[in-house]
Structures are given as C-alpha cells and as structure tokens.
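Undergrad: So the chains spell out like this:
Number of protein chains: 2
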Amino acid sequence: MEKIIITGAGLAGSLLAIMMAKRGFEVAVYERRPDMRKVDISAGRSINLALSDRGIAALQKVGLDEVILSKAIPMFGRLIHPISGELDLQPYSGRSNDYINSISRGELNKILLNAAESYPNLQLRFNVRCEGMDLETGTVRFVDELTHQHFSETADVTLAADGANSAIRNEMYHHAPKLRFTFSQNYLKHGYKELYIPPNKNGGFRMDQNALHIWPRKSYMLIALPNTDGSFTATLFMAFDGEDSFEKLDNPEAITSFFEKEFPDVIPHIPDLVENFQNHPASALATIKCYPWQVNGKALLIGDAAHAVVPFYGQGMNCAFEDCLILDKLIEELGPDWNLVLNTYQMMRKADTDAIGELAEENYYEMRDHVANPVYQKKKDLDLILEQNFENFDSKYSMVTFREDLPYSVAMRKGRAQDKLLTEICQQVNNIHSLDLHAVLEQVIQLHLKG
Amino acid sequence: MEKIIITGAGLAGSLLAIMMAKRGFEVAVYERRPDMRKVDISAGRSINLALSDRGIAALQKVGLDEVILSKAIPMFGRLIHPISGELDLQPYSGRSNDYINSISRGELNKILLNAAESYPNLQLRFNVRCEGMDLETGTVRFVDELTHQHFSETADVTLAADGANSAIRNEMYHHAPKLRFTFSQNYLKHGYKELYIPPNKNGGFRMDQNALHIWPRKSYMLIALPNTDGSFTATLFMAFDGEDSFEKLDNPEAITSFFEKEFPDVIPHIPDLVENFQNHPASALATIKCYPWQVNGKALLIGDAAHAVVPFYGQGMNCAFEDCLILDKLIEELGPDWNLVLNTYQMMRKADTDAIGELAEENYYEMRDHVANPVYQKKKDLDLILEQNFENFDSKYSMVTFREDLPYSVAMRKGRAQDKLLTEICQQVNNIHSLDLHAVLEQVIQLHLKG
Numbered sequence: 001m002e003k004i005i006i007t008g009a010g011l012a013g014s015l016l017a018i019m020m021a022k023r024g025f026e027v028a029v030y031e032r033r034p035d036m037r038k039v040d041i042s043a044g045r046s047i048n049l050a051l052s053d054r055g056i057a058a059l060q061k062v063g064l065d066e067v068i069l070s071k072a073i074p075m076f077g078r079l080i081h082p083i084s085g086e087l088d089l090q091p092y093s094g095r096s097n098d099y100i101n102s103i104s105r106g107e108l109n110k111i112l113l114n115a116a117e118s119y120p121n122l123q124l125r126f127n128v129r130c131e132g133m134d135l136e137t138g139t140v141r142f143v144d145e146l147t148h149q150h151f152s153e154t155a156d157v158t159l160a161a162d163g164a165n166s167a168i169r170n171e172m173y174h175h176a177p178k179l180r181f182t183f184s185q186n187y188l189k190h191g192y193k194e195l196y197i198p199p200n201k202n203g204g205f206r207m208d209q210n211a212l213h214i215w216p217r218k219s220y221m222l223i224a225l226p227n228t229d230g231s232f233t234a235t236l237f238m239a240f241d242g243e244d245s246f247e248k249l250d251n252p253e254a255i256t257s258f259f260e261k262e263f264p265d266v267i268p269h270i271p272d273l274v275e276n277f278q279n280h281p282a283s284a285l286a287t288i289k290c291y292p293w294q295v296n297g298k299a300l301l302i303g304d305a306a307h308a309v310v311p312f313y314g315q316g317m318n319c320a321f322e323d324c325l326i327l328d329k330l331i332e333e334l335g336p337d338w339n340l341v342l343n344t345y346q347m348m349r350k351a352d353t354d355a356i357g358e359l360a361e362e363n364y365y366e367m368r369d370h371v372a373n374p375v376y377q378k379k380k381d382l383d384l385i386l387e388q389n390f391e392n393f394d395s396k397y398s399m400v401t402f403r404e405d406l407p408y409s410v411a412m413r414k415g416r417a418q419d420k421l422l423t424e425i426c427q428q429v430n431n432i433h434s435l436d437l438h439a440v441l442e443q444v445i446q447l448h449l450k451g
Numbered sequence: 001m002e003k004i005i006i007t008g009a010g011l012a013g014s015l016l017a018i019m020m021a022k023r024g025f026e027v028a029v030y031e032r033r034p035d036m037r038k039v040d041i042s043a044g045r046s047i048n049l050a051l052s053d054r055g056i057a058a059l060q061k062v063g064l065d066e067v068i069l070s071k072a073i074p075m076f077g078r079l080i081h082p083i084s085g086e087l088d089l090q091p092y093s094g095r096s097n098d099y100i101n102s103i104s105r106g107e108l109n110k111i112l113l114n115a116a117e118s119y120p121n122l123q124l125r126f127n128v129r130c131e132g133m134d135l136e137t138g139t140v141r142f143v144d145e146l147t148h149q150h151f152s153e154t155a156d157v158t159l160a161a162d163g164a165n166s167a168i169r170n171e172m173y174h175h176a177p178k179l180r181f182t183f184s185q186n187y188l189k190h191g192y193k194e195l196y197i198p199p200n201k202n203g204g205f206r207m208d209q210n211a212l213h214i215w216p217r218k219s220y221m222l223i224a225l226p227n228t229d230g231s232f233t234a235t236l237f238m239a240f241d242g243e244d245s246f247e248k249l250d251n252p253e254a255i256t257s258f259f260e261k262e263f264p265d266v267i268p269h270i271p272d273l274v275e276n277f278q279n280h281p282a283s284a285l286a287t288i289k290c291y292p293w294q295v296n297g298k299a300l301l302i303g304d305a306a307h308a309v310v311p312f313y314g315q316g317m318n319c320a321f322e323d324c325l326i327l328d329k330l331i332e333e334l335g336p337d338w339n340l341v342l343n344t345y346q347m348m349r350k351a352d353t354d355a356i357g358e359l360a361e362e363n364y365y366e367m368r369d370h371v372a373n374p375v376y377q378k379k380k381d382l383d384l385i386l387e388q389n390f391e392n393f394d395s396k397y398s399m400v401t402f403r404e405d406l407p408y409s410v411a412m413r414k415g416r417a418q419d420k421l422l423t424e425i426c427q428q429v430n431n432i433h434s435l436d437l438h439a440v441l442e443q444v445i446q447l448h449l450k451g
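In order, the protein sequence lines correspond to chains A and B. So the first sequence is residues 1 to 451, counted in the working numbering. So the second sequence is residues 1 to 451, counted in the working numbering.
Hint data in this document are derived by calculation from the structure and do not stem from the laboratory. Glycine residues also receive a C-beta, built at the ideal position from the N, C-alpha and C atoms. Hints may contain errors.
Within a straight-line C-alpha distance of at most 20 Å, the following computed SDA-like cross-link-like pairs (lysine to any residue) qualify [as the list claims (entries may be wrong)]:
#1 K178(A) to G242(B)
#2 K178(B) to G242(A)
#3 K178(A) to D241(B)
#4 K178(A) to K178(B)
#5 K22(B) to K38(B)
#6 K378(B) to L421(B)
#7 K450(B) to H438(B)
#8 K193(B) to G242(A)
Distance ranges between label pairs, derived from CB positions [said to hold, decoys possible]:
#9 K329(A) to G132(B): 54 to 64 Å
#10 Q149(B) to H148(A): 37 to 47 Å
#11 H175(A) to D381(B): 42 to 52 Å
#12 K3(B) to N251(A): 36 to 46 Å
#13 Q428(B) to L449(A): 34 to 44 Å
#14 Y376(A) to R23(B): 47 to 57 Å
Just chain A, with the same shape it has in the complex:
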C-alpha cells in the first residue's frame, strides 16, 4: 500500500489525513505542537473562524459537516457599528439560506483529530517538528521536541500542511534556483490584536450573536465574532506604526481615550480593556504565494503552506479545505500516480488560490472603508434586491462564499465585471427602487455571456 506522510495536524492536515485514510493509504501525520485535546495550547485565547460553503463541501465529503455545523453560530450579515447613530445590518446575501458560520478553531480541529484517530491505517504523532526533506528521495527529517531525538521517514509522497511557516516550503526555498521556485511574502502595514468580550452575567451574548460585528473606521477597524459560550472574540486591525497605530497606543490613557473616541459602544463589553489590550500581542498579516507546489511527485504544499492569505474574506480555512477536496478528487480520478496527480493539482489550482489571495487583500480596504460609503451602500442594496428576486443572480461576495461550484478565479473575474456594471448603474439613479430589475439582470447575464 502507498504510504503518505502529512506534516501538520492543523485544520488542513487533519482533514487531509482523514481523506487519505479513507482511501486506504498508510498515513503518518506529524504535528509540531502538543496534542491540543490534552494540552491547552491556545493559552486561554479563543479564536474563531467563518466556515462557509467551500469548507462545508469538503467536510461533507468525510461526513463531518453536520456535527461541525451543530457547534457553529450562523452569521447572516455584517452588523455595522458607526461611532454614533444606529446599527446597520448588511446581510451577506438576499437569500436566507446563504450565511456563514462562526466556529471555534480549536473545537473544529479536535473533531477532525478524533475522526482521524479512528482509522487504524493512520498514525498521529505530536511534538514532532519537521526539519525539511530530501526532495529527490522523499525522506523527511524530523526532531522529537520532547526527547530532542532526530529521525527520518520515507513515504511515497509527503503532503505538507504545515502552515504559513512550512518547513517543506522552506526546503523548496533553499533549492530555489534549481526548482525555479518563485516565492513572495507580502506583509501588510497593518497587524491585528485580539480582545476578549466575555458573556454577560447570565451567560448570554452582550450583542446580536447572529452577525459579524464591524466597527469600520477607515484607517483601522474592529470586528467581533460570536463564540458558543456567549463570548465574542474581537479583533482590532491597525497599522503597526505611524499616525493611528499600535505604536501610539502604548499607555493606559492612550488606549482608553482611543476606545472612548472610536468604539464607545464596545467599552462596557470589555471590562478589563487596558489589561486585555496590553497582554495580547499585535501580530503581523501576510499574503504568501509560491510556485511550484510539488517537486518530483514526492512533496506537495497544501493549504497555508502553499498560499497564506490575509483573513479579510474569511476564506483561509475554506480555501485550505477546498484544496484537500480537489486533491482527493484527483487521486480518485487519476489513481496514485503522484507526479501526475500533483502536477495536475497545482496547474488546476494555482490561479484560484492567487485569486482568493488578491480578493482577501482587496476586501480589507472594502471592510474598513467602503462599507461606510453611500454609492457602495447603494450597490450593496442592489445586490441584495437582485438576489432576493432572481435565483440565478449572485453578488461577488456570494460567488466567492456560497458558490462552491465556481472556482475562485471565475468568481473573481465575474464578480469584478459585475460590480463595475452595477456600480455604474447605481451612480446614474437616485433611487435603486426605480430600476427595472429584469433589465438590470439582463445586462448582467449579457456581461457574463461575453466574458
């Protein structure tokens, strides 16, 4: 039987392990960190993610979609918090069955690890760090973080799901001239800091739990996603230095007065704001792209190892899960001829992960800025009305998020062209309710037929 090494037992690694084990391969999974089911490695921080249709489709393939969705909280739209004035709910879609789901990263990962462990042909080892591999022979080098012993293992193929700092990608990077390994990492000027909003006294939610809360403030923004225990995880996105930056918020008075001025409605929800702020690090955000992803049919980068994206489209995990689903389908179709499978995979998939990388960077500007802009708002309303009235219309956001049948690159191309057209239409009318919706839809259909 073919043997597969998977580096990383994070979200992509554990889902991929299940898929490979289901196919009957001998699967060995190595994870650098301790087993999160036994050791609390999140250090008390609760991190949540938005699970949507592409991710769900991949979980469905291994029969885990229902159990996981039962642990998630539906979010039907963005709830915008202006500095003063009323909250404004911007639904994600004009259709009530299209929504995203707030899920705890830890809980999701534990469900996947438990499912993986149920396969007798799958071995999970924790506290083992991958140190690189021989890309010719397929021998992978490891070190046991507890005993400090080095060892190596050889498989038919190694699937590297070891994240944005992938050791296997670093191996390819160190052989760059030979592999002509094109690589880029682009750090944003902005970073993020997580803040904790506890449940209220009765264990309930302090704000609407069925929305993704946003406080857009142009050069920075705060967001919050609900957790099942009644808490929210809030995240402040802001420049590291310069005017309005983390650097400037270096004392209790500055932090307090910044929140009082910019996010007054949040202050009562974060009882220990200053401590919370000072104890949590400001972390960097980068987009990583590279190519090729596979070498000699022996190693493949997958998930964040191949294409880390910034979090502003809520697609990092969904994209990584979709990677797994596509790879699994190709193995089904082509059999384990690894060079053929991995080559086909990377050629099929590269344009799509480039697209979501670009969309995610773009959405940062949209989220912190345009959501407050009137023409943008009119166009967004038109998107909703069209979705409410026509089954065959999807906004760009819906194509990216809810249409798992459309590759990201197609969603990006169609979505951009459509946004341009609808924005032009909105600029020409005072009230979008005066528009002939059938005529607008016809223009959209013609646009997509052309291109």
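For this one, chain A is given, so just place chain B on it according to the hints.
TA: Chain B in isolation, oriented as in the chain A frame:
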C-alpha cells in the same frame, strides 16, 4: 573608530570596502570564495558585463574609473543579426560620447580587490562563509571553509554585499513576521547558457568588437559581448521547457540543426558548438525584491543581496555600484549614526531599485521581440534623431543608462510617458523625416513639465 563588517568581496563588496576604508573606518571584509587573484574560480568561463555611467560615477569617486575603462571595450550600439539579410546597427544613443563598455567581471573585481588591500585599516579574508547574524547585537557568525572552524565577530554595522543568495537576507527572512520582511523572488521561465566564441587565427575579433551583438528570435535570443583578448562571450536565453527550449536541445543533432536554422552566421565562429553547448549549464534568472533592507541600524542589504535583477538592461552591476555611492554620500552628510543613515538610504533608494528590476524584466521582451518590429524601429530612429539634434533630449534607454543624475524611478516614469507619446507620433506618419523635430521636442518638454 567605528568598525564595519562587509560580507562579500564581489563587485559591490569590494567597491564598498574601498569607500568605507577611505572614510577611515575599521573595515573587515569576508568572502566565501577563494581569492580570485590566486585561484581561477571562473573555471575557464569568461564573463563580461556592460559598465555604464552610473557604475562609472561610483568608480570615479574612488579614483578607479580611468584604469578600469582602459580595460574595457566600448560598445556603441546593438548589432542586430537577422536570420538572413544584412546586419543592422542600432546605436545606443544619437550622441557619440554615450556608449556602454564591455568589461571582464573577473578583471574588474581583481582591480577593486587590489585597491582595497592597499588600505591598512581594511582586512580581507577569503574562504570564509557568513552563516547569519544576531540582528539585535550585530554579531555575525562565520565558518572558515578550509578549517571548518566557526567564529563570530561584532561590528557597529554589517553591510551585506553577499549577493543574490545573501546569508544576511536569509537571516531577515527567518525573522520575517517580526520584521514584517516583505520578500519576493520571481524566476523567469527562461534561463541562459553561455557559449564561447574564440579569437580568430590572428588573435583578432571574428565580428565587430564595438557592438553588443543580438540575434533576436522572439521566443529566445542569442547575444554576444566582446572580450579584450579577441574572443566573445555569447549567451543564449531560452525557455527551460516546452516548445523551443533547452529541454528539447538534448542531443547533438537537435543542437546543430537549431543553430543552422536560427543562427546560421554564428556556426563558423563556434568551432566546438555541440561540446560547448553540452558542457555549459543552463542557469536560472530571477528578480529578487525585499524590504526592509536594514534592521536596527546593525545590518544593511546592498547590491544583489537587496535587489537582484535580470540582466536585460545591463544595469545589475551599475545599480549595485550606485547603491555604494549613495550610501557613501549619506554617511558623509549624516555621519555614522547608522540607524539614521541606513533608514534614509533604504527610504531613498527602494523605489529606484524596484524601477530597474521592472525595466530589466520588460527589456527582455523588447530585446528578443520588438527590436524586429517596424513601428518600434521607427520610434527608435526618432529617438536617435532627437538625440542628435537636441542636447536636452534623452531616450528612455539613455536616461536609464547615461543619465546618472536621474534616479531610476524618474528615468522609468519619464521614459515610459515619452515612449508612449513618440510611438503615437510614429504611428501617424509614414516617414519620420517629414516631422517637425522642434514641434516634437516641444511636445516632449510639455509632457515632462506636466508630470
């Protein structure tokens, strides 16, 4: 006295060492390779480069311009070799004092090393590889390649001129999240292979020695630069794989028939073509960009370590020399407050090295393709006529190559706008000699005044 470590004694490293020694700093230079003045490390391959005004200005600063130019061969233009028909000389400029100079990389490097060694406050050590550094303390780690002994050394500042595979850049790369180290390496699909054209029987040149020879063939191209001994170094640029690629030229018949068909006039000049072709490797070409270049006032990337470019504008060395000149001037103006000097340097210089990186990639397509295009040719002729008639007109090529007073980014911006205007003018007339040159010049001047 301030102590400076320079990693790399290549072209940039040795010029920079001279500049720093002249300022009286204590300078320690470490080079991975053996001393090229004692050991022939080029393995018989003669490599030459095009030295032009930006590089010459930097050499002038240390009084070495004249001795070095005396070893160079002026090249006044591109001599185009079509498959059949007459050779076509395309001058680099309409002014006879603007030309580029073919110089041996090895000979140039040796002159710089000899000059460096004459300073008592400068130490040169060969066969010592840099393994990285502590970016907080400034301690640099080395290994002696002969004794395999590891040692470290601390200086006030380390200037990393250790080339496209810089160990100091790798150190920054490994601390990427903390430094928010944005980095990209972009490999071209095409690589290059060098071929040797020996002198003729009398020790003379087989072709015109005062030109850069080009055989443009759209999807690939051959070029040749003269050496002082009567030989030429030819370079074939071609895709690694696919149709018309190095991969396809894997046997004597394929090589011979390819050259017979594509470069028939070269065949008599390369007596041992097949051996020549098979013994020389096909090497990769990449553009490398990164930022920041400096950390904590302790380390600075300079030359190829900071910004490797593809060779198609003949500016890699000239740009690296200009880096040294600009840094040296900033030290003169600001004194050795390293954090201030290095920060000012990187902020001033980044846009310019990005510009030459972009221009060099762009020029690849121009050299192998457009040089054979009629509108391009007409525009090129108009450039020449304008340069011949007006002292205050420079083509884009001239601005990049001969105007060391214009930063690369300005040359790119002005040059592109001007090329667009002149191309439009050429498309509208059958014969450029019917144009009112003063009116054309006036349009160009107005264009530059606007932007």
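Undergrad: Hint by hint, note whether the structure agrees.
TA: So, going through the hints one by one against the coordinates:
Straight-line distance between C-alpha atoms of K178(A) and G242(B) comes to about 17 Å, which keeps the hinted pair within the 20 Å bound. For a cut-off of 20 Å, the pair hint linking K178(B) to G242(A) stands: about 17 Å separates their Cα positions. With a C-alpha separation of about 13 Å, the suggested pairing of K178(A) with D241(B) holds against the 20 Å cut-off. Pair hint K178(A) plus K178(B) does not hold up; C-alpha atoms about 29 Å apart against a cutoff of 20 Å.
Distance hint between K22(B) and K38(B) is unfulfilled; the C-alpha atoms sit about 25 Å from each other, more than 20 Å. For a cut-off of 20 Å, the pair hint linking K378(B) to L421(B) stands: about 13 Å separates their Cα positions. Between K450(B) and H438(B) the alpha-carbon distance is near 18 Å, which keeps this suggested pair within the 20 Å criterion. A threshold of 20 Å between alpha carbons decides the hint, and for K193(B) with G242(A) the separation of about 48 Å lies outside it, so the pair is violated.
In this structure the supplied range 54 to 64 Å is violated for K329(A) paired with G132(B), their Cβ-Cβ distance being about 43 Å. Range check, Q149(B) to H148(A): Cβ separation about 25 Å, and the 37 to 47 Å hint is violated. The hinted range of 42 to 52 Å is satisfied by H175(A) and D381(B), whose Cβ atoms lie roughly 46 Å apart. Our hint of 36 to 46 Å for K3(B) and N251(A) holds, since their Cβ atoms are close to 37 Å apart.
Roughly 37 Å separates the CB atoms of Q428(B) and L449(A), a value that falls within the hinted 34 to 44 Å. With their beta carbons about 56 Å apart, Y376(A) and R23(B) fall inside the hinted range of 47 to 57 Å.
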